[in-house]
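**Q** Note that numbering that gives the first Met the number 0 has the sequence shown beginning at 0, numbered continuously upward.
Honestly, the hints are just simulated from the structure, not real lab data. Hints may be right or wrong, so weigh each one.
[Claimed, not checked] Label pairs and their calculated CB-CB ranges: (1) 58 - 21: 26 to 36 Å; (2) 143 - 115: 29 to 39 Å; (3) 133 - 58: 46 to 56 Å; (4) 33 - 79: 17 to 27 Å.
Just so you know, even glycine gets a beta-carbon here, dropped at the ideal spot from N, CA and C.
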Amino acid sequence: MSKAAPYPTGATVLVVPVPEAEPVVGGQRALYDPSARYGVVAHVTVLYPFLPRPEIGEATVAELAGLFAAHQPFDVAFIGCARFPGLLYLGPEPAEPFAALTRSVTGRWPALRPYGGRHGEAVPHLSVGFGDDEVLDGVESAVAPGLPFSTRVTSVDLASFDGVRWTPVARFPLRQEPRSGVVEGDLRGGR
0 MSKAAPYPTG
10 ATVLVVPVPE
20 AEPVVGGQRA
30 LYDPSARYGV
40 VAHVTVLYPF
50 LPRPEIGEAT
60 VAELAGLFAA
70 HQPFDVAFIG
80 CARFPGLLYL
90 GPEPAEPFAA
100 LTRSVTGRWP
110 ALRPYGGRHG
120 EAVPHLSVGF
130 GDDEVLDGVE
140 SAVAPGLPFS
150 TRVTSVDLAS
160 FDGVRWTPVA
170 RFPLRQEPRS
180 GVVEGDLRGG
190 R
């Protein structure tokens, strides 16, 4: 019997993908971060869970585009590893621009709390692996030689879980002046 997916079908998330992290953390995430098996790329979460997919229409997409277009692109570095209980992660420096993105979304949708409010104030982070201290010591040893690395954050992605994998729905560029056509992706039909 197959194990049920840990996410509800139609769940959505807002994330900043960090492709520069994949060469550093991809192998460890494949082994120790169950979300990687469901198509989740290396990222920093802006808000999970967001609205259920059936509730996201063109008006919501336009609001998200406007919210994120009000933020400037920014540079960030991932310098070292840190831990929450049972989780090794990379902390972005600076973290504040990610927190500002989250505040923009929760300011508009105040009933939505990062991780459903289970962890209090959200701490921006890029998850690498879950496990006990011995496992995480090994994950940290494997990742550390690839640090530091940096990236420029220029967009936020909306993704949806289709029951099997997380798939991209839309990309929202960060910039000072909103322009028409800022959203990529097809929002009319679910995938």
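**Q** Can you list which hints this structure breaks, lowest number first?
**A** Structure breaks no hint.
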